[in-house]
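Peer 1: Here is how the chains run, residue by residue.
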Amino acid sequence: MKTADKTVMQNMSLCSFGNGANGTCIDVKDGRIVRMRPIHFGQWYTKEDLNYWTIKARGHEFEPGMETYCPPFSIAYKTRTYSPNRIPYPLKRVDWDPDGERNPQNRGKSKYVRISWDEATTIIANEIKRIDDTYGRNSIMAQADGHGETGSLHGPHGCMANLLDMTGGLTMQARQPDSWEGWYWGAKHAWGQEPLGQNVHQTNLLKDISEHSDAILYWGCDAETTPWGWSGQQASRMMFWFTEIGVKYIAVSPDCNYANAVHADMWIPVLPNTDAALQLAIAYVWMTEGTYEKDYVATHTDGFDWFQYYVLGDEDGVPKTPEWAEEKCHVPAWRIKALARYWATHNVSIAHCNGGGYIRSCFSHEPARLEIYLLAMQGVGKPGRNQLKYIEWALMGMQSFSPMPSAEILPDVRACYHAAMLGDLPKSFIPKTLIAKALKGEKIEWYGHVTSRHPREDQFQHFQFPLEGDAGIKMVWSDSPCWSTCWNDGNEFQDAIRSENLEFFLVQHPWFENDTMFADIILPVSTKLELNDFGVDTYNGQFNIMIDEKAAVDHVGESLSDYEAVLEVAKKLEAFGGRYKKCVRHFTGGKSEEEWLEKGYRGSGIGGTEWEDYDTFKKQGIQILPTKEDWEDDPAGMINFAEDPDAFPLDSATGKIEFYSVPLAEHFPDDHVRGPVAHWIEEADGHQERISSDRAKDYPFLLVSNHPRWRVHANFDDCPWTREIETCKIVGPDGYAYEPVWINPVDAEKLGIKNHDIVGLYNERGTVMGAAYVTERIMPGALYQDHGSHTDPIVMGQGGLDRGGANNLICPDKTSSKNAAGEVTNGFLVGLKKMDLDELAKQYPEAFAPRPNYNPYTGISVMDQIIEED
Amino acid sequence: MKTILFDASRCNGCYNCQIACKDEHCKQPWLPYTEAQALTGEFWCKLTQRDRGRVPMVWVEYKPLICGHCDNCKLLEAAPECVYRREDGLILIDPAKAKGRRDLVDLCSNVYWNEELELPQKCTGCAHLIDDGWKEPRCVDACSTDALTLVDEDDPRLAGSVDACGNAESGSHMRYINQTTNWIAGMVVDPAAAEAVIGAKVTFTSADGTVACELATDDFGEFHTKNLPEGAYTVTVEADGFAPLTVQADSTEADVMMGELHVVAA
Numbered sequence: 003m004k005t006a007d008k009t010v011m012q013n014m015s016l017c018s019f020g021n022g023a024n025g026t027c028i029d030v031k032d033g034r035i036v037r038m039r040p041i042h043f044g045q046w047y048t049k050e051d052l053n054y055w056t057i058k059a060r061g062h063e064f065e066p067g068m069e070t071y072c073p074p075f076s077i078a079y080k081t082r083t084y085s086p087n088r089i090p091y092p093l094k095r096v097d098w099d100p101d102g103e104r105n106p107q108n109r110g111k112s113k114y115v116r117i118s119w120d121e122a123t124t125i126i127a128n129e130i131k132r133i134d135d136t137y138g139r140n141s142i143m144a145q146a147d148g149h150g151e152t153g154s155l156h157g158p159h160g161c162m163a164n165l166l167d168m169t170g171g172l173t174m175q176a177r178q179p180d181s182w183e184g185w186y187w188g189a190k191h192a193w194g195q196e197p198l199g200q201n202v203h204q205t206n207l208l209k210d211i212s213e214h215s216d217a218i219l220y221w222g223c224d225a226e227t228t229p230w231g232w233s234g235q236q237a238s239r240m241m242f243w244f245t246e247i248g249v250k251y252i253a254v255s256p257d258c259n260y261a262n263a264v265h266a267d268m269w270i271p272v273l274p275n276t277d278a279a280l281q282l283a284i285a286y287v288w289m290t291e292g293t294y295e296k297d298y299v300a301t302h303t304d305g306f307d308w309f310q311y312y313v314l315g316d317e318d319g320v321p322k323t324p325e326w327a328e329e330k331c332h333v334p335a336w337r338i339k340a341l342a343r344y345w346a347t348h349n350v351s352i353a354h355c356n357g358g359g360y361i362r363s364c365f366s367h368e369p370a371r372l373e374i375y376l377l378a379m380q381g382v383g384k385p386g387r388n389q390l391k392y393i394e395w396a397l398m399g400m401q402s403f404s405p406m407p408s409a410e411i412l413p414d415v416r417a418c419y420h421a422a423m424l425g426d427l428p429k430s431f432i433p434k435t436l437i438a439k440a441l442k443g444e445k446i447e448w449y450g451h452v453t454s455r456h457p458r459e460d461q462f463q464h465f466q467f468p469l470e471g472d473a474g475i476k477m478v479w480s481d482s483p484c485w486s487t488c489w490n491d492g493n494e495f496q497d498a499i500r501s502e503n504l505e506f507f508l509v510q511h512p513w514f515e516n517d518t519m520f521a522d523i524i525l526p527v528s529t530k531l532e533l534n535d536f537g538v539d540t541y542n543g544q545f546n547i548m549i550d551e552k553a554a555v556d557h558v559g560e561s562l563s564d565y566e567a568v569l570e571v572a573k574k575l576e577a578f579g580g581r582y583k584k585c586v587r588h589f590t591g592g593k594s595e596e597e598w599l600e601k602g603y604r605g606s607g608i609g610g611t612e613w614e615d616y617d618t619f620k621k622q623g624i625q626i627l628p629t630k631e632d633w634e635d636d637p638a639g640m641i642n643f644a645e646d647p648d649a650f651p652l653d654s655a656t657g658k659i660e661f662y663s664v665p666l667a668e669h670f671p672d673d674h675v676r677g678p679v680a681h682w683i684e685e686a687d688g689h690q691e692r693i694s695s696d697r698a699k700d701y702p703f704l705l706v707s708n709h710p711r712w713r714v715h716a717n718f719d720d721c722p723w724t725r726e727i728e729t730c731k732i733v734g735p736d737g738y739a740y741e742p743v744w745i746n747p748v749d750a751e752k753l754g755i756k757n758h759d760i761v762g763l764y765n766e767r768g769t770v771m772g773a774a775y776v777t778e779r780i781m782p783g784a785l786y787q788d789h790g791s792h793t794d795p796i797v798m799g800q801g802g803l804d805r806g807g808a809n810n811l812i813c814p815d816k817t818s819s820k821n822a823a824g825e826v827t828n829g830f831l832v833g834l835k836k837m838d839l840d841e842l843a844k845q846y847p848e849a850f851a852p853r854p855n856y857n858p859y860t861g862i863s864v865m866d867q868i869i870e871e872d
Numbered sequence: 535m536k537t538i539l540f541d542a543s544r545c546n547g548c549y550n551c552q553i554a555c556k557d558e559h560c561k562q563p564w565l566p567y568t569e570a571q572a573l574t575g576e577f578w579c580k581l582t583q584r585d586r587g588r589v590p591m592v593w594v595e596y597k598p599l600i601c602g603h604c605d606n607c608k609l610l611e612a613a614p615e616c617v618y619r620r621e622d623g624l625i626l627i628d629p630a631k632a633k634g635r636r637d638l639v640d641l642c643s644n645v646y647w648n649e650e651l652e653l654p655q656k657c658t659g660c661a662h663l664i665d666d667g668w669k670e671p672r673c674v675d676a677c678s679t680d681a682l683t684l685v686d687e688d689d690p691r692l693a694g695s696v697d698a699c700g701n702a703e704s705g706s707h708m709r710y711i712n713q714t715t716n717w718i719a720g721m722v723v724d725p726a727a728a729e730a731v732i733g734a735k736v737t738f739t740s741a742d743g744t745v746a747c748e749l750a751t752d753d754f755g756e757f758h759t760k761n762l763p764e765g766a767y768t769v770t771v772e773a774d775g776f777a778p779l780t781v782q783a784d785s786t787e788a789d790v791m792m793g794e795l796h797v798v799a800a
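First to last, the protein sequences are chains D and C. Under the numbering used here, read the first sequence as residues 3 to 872, first letter to last. Under the numbering used here, read the second sequence as residues 535 to 800, first letter to last.
Because the hints were derived from the structure by calculation, they are not lab data. This structure is a prediction, so every number in the text was calculated from the model and none was measured. All the pointers check out, no bait thrown in.
Quick look at which bits of chain D chain C covers, simulated, 3 or more residues with Cβ under 8 Å: (1) 27–39; (2) 70–82; (3) 335–342.
Computed far set for chain D versus chain C, every beta-carbon distance over 12 Å: (4) 288; (5) 465; (6) 596; (7) 649; (8) 845.
The beta carbon of each residue, even a glycine, is placed where N, CA and C say it ideally should be.
Given the sequences, and given the hints that come with them, work out the whole structure.
Peer 2: So, in structure tokens, the structure goes:
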């Protein structure tokens, strides 16, 4: 029998920003997607065609493979396209009247009525003009960044920013370096490594570690979870490989995360955000036992004596001994010493793949810098001693982000990219961490443009919002409506988005989820399986792939792509003339879809090379590029710096690894939280998030709120096939699917909490519900709940109560520290209590009333929020 | 016939096998092979997980349960009127003839009851895809780590394999290798000095006095048995300069994480 009518291919990356990954085949039958599966390269290419590479080490071999290694998200993606929570047609909040009462206080509560695209775009165009005329363009803010589908021509996240920019300007929400906060605000001041502060010299580290490393420290990272949305499962194969050849896996994290659970040889549980204490104690052991690389420190670093002065206790009278650290981080002193001594006598690398709490808690710049200090003390860059990344293997078009053999060409989608370019900010912008305060009308100040594209020195520039003479935000146009479930103190945002200041909140999105429920107008957006586009898969750690992405199916409902939706608004704006004259042509560049797709291909970096072959690309639907001929000759990792630091300096101020940062000392002489030398910070700058704090009496646990196993941030929370997995959702006695809260049996017994009890995580910022998951996979004293669950507020705003388990709602509101505007969304204090569902139902009858379209396996449904016409 | 081989040492617990099966069958009938699987609740390929150990020695064991299209299939025996074996060995429940046969669910744990369609259902080996030219079923195709492979009957890796219940000899064509027995692990520590004891000799002695295993603690003072037969053991720790320590451990029912074993200077 025929099991498919046609097959198309797409990159199913959930990174967005044009970063392509997860090449996937999509089989279609009778106009519906029937299956999604890996791409097998052998139907077009031989291994010889691809200059197939092999790593040989210790008598074993590792190969890239001849198929894509899809994560479960790619396999299950049709459930998102066909989600019952898809927005079917344009919607208007029933009690929002642009010509009368706007009822901002009812955002999140009141229901919606169906309107046409014509009505919706007329209202939107009129509002843009009115707000522009009344307050000026900087009162319109585009919220246009975030993870989600990766598109190019139809690029999600920022098409509207381009339209606003070309018709008079806007205020931009500036995307934080949220995956790298500690590296960005801290490590850059120790070793440069622009633009992120993580090692950007990854080239050939797979080979180097395979040949030379004894162990890898997996510090606070989960390479079985975080890479899924970005690069599939090659990371998993790498970890199996390292085990096969005897490279020891040492896990350092509060949780036995999904990678540790399978690959670890040993696990060192450390309380959330106390890594700095552990690091200082390791340094103490090395200093007192003389087991660090003294020659390397002398030639490759600057300011070591300042660090030593602090570690040994000369500065504050407190030597940072293993016993001192044990009290703070709960790693036994004997284990700290053993780890320090093992590290000092073996070739050890450190692995990261973002995520986890290690680098997104308060003062995250300190553990990040301390890691660089430790690496330096053991001669980072020498064979087997590096900092390795399991993710983002082609980030920002930089081949040097990949530890795998390099390719001849690293193609990108820039030439046909219609979304906003990250880092390209107008004069008026707001750090994403400070959006809620700006929406409330507060004047805010900070340092730096805060995006991952800006260099270290940018962090010394002072900014403010609103600019002098501006009126603040009156309209938000969002294509990434998940602020409250992904950022800091989401409850404050839920208050802010209902503020009188905000006259119009416009959302374009495929699903009725998270902040979408606060919108005044909602435009239905297509998923990428409904669209033609040009895509690449360059993060897979195998071969660089270019894909002629064909629409698998027609647009679902009345949806349009992000690009098409903004184009409809442009058409309405054009009628106003003046600055809007010819804005449609400006927006489209006068090109058809097919013309853009060809431009994308030819401008990807392949144009003019021997591999440029558009006809074959179109015919095959795919082009896979070979590995570089002489890839083995590329210097591995930081070997050049290790061998000759003068000839190959780092991009720090001195070109060396800086234990003491002169620029920080000069620019922020009074900052003792991010001072010139990294320290252990107990509490400061509004953060009291330590177990020693007074707050810990009421909120005794430190919460790990990692990148989720079964979502990419807030994406994918409506998938029935992940929701029926116990670590994803637990259905309570009320038939509602709750987000699991991991608790160690020792703590569960103390609190009288049993497996699957309905519980509440709480602090003074509010309560989020969940279901207890009693497990040894979390250390005593810490709790774990994935972040990004859909918000389902019972009581909105500060002090509120959320049934969905969106723990970002109760994260701290303050940034990393006073002068570092990073997010703090992990490793903060909470209490845990059992929740009585009967009592709650009595107290909140409306919230607990049956919702006809709610299904525990798909979650909330937009149909319960639409007032049906008679 | 072809056999699905599961290598427990290669499974990362990604659930691709379970999800790919659902992607193929949920709400999608492939008649005459099978009716559609319910959107949720049926697991023709079911990945199970089990936490093992205690902090700080914790691992998770994953194991997929899939119909083995057994030589001695109970369904085929009990209901030949609605269950049939194909030439390639795959056993299918005929959806046109099996309506209402709830009794089949009780015969085998790999059979699920589709409430809406009133049908017993199970893995078809993706027979419809195989007949359309596929080389392997969806669960195997989606496996990114080679934990699941489809092998021929004479594949050497099948030697030493077991079925889902641990039986070496059975007619199941779903086979498992590299599963580990319950382990015994711990850490030897000198609390007086706050030091791990490296190179301590750890001896596991059976009830009959046989020494089953001897280990040395590693650079972190840790020891961890590998494939020690499950049972009760006397564990003796000996290290230079310390008094010997003897404790009991029984791995019959579960893994034993002994925690810190404190030794005292002799």
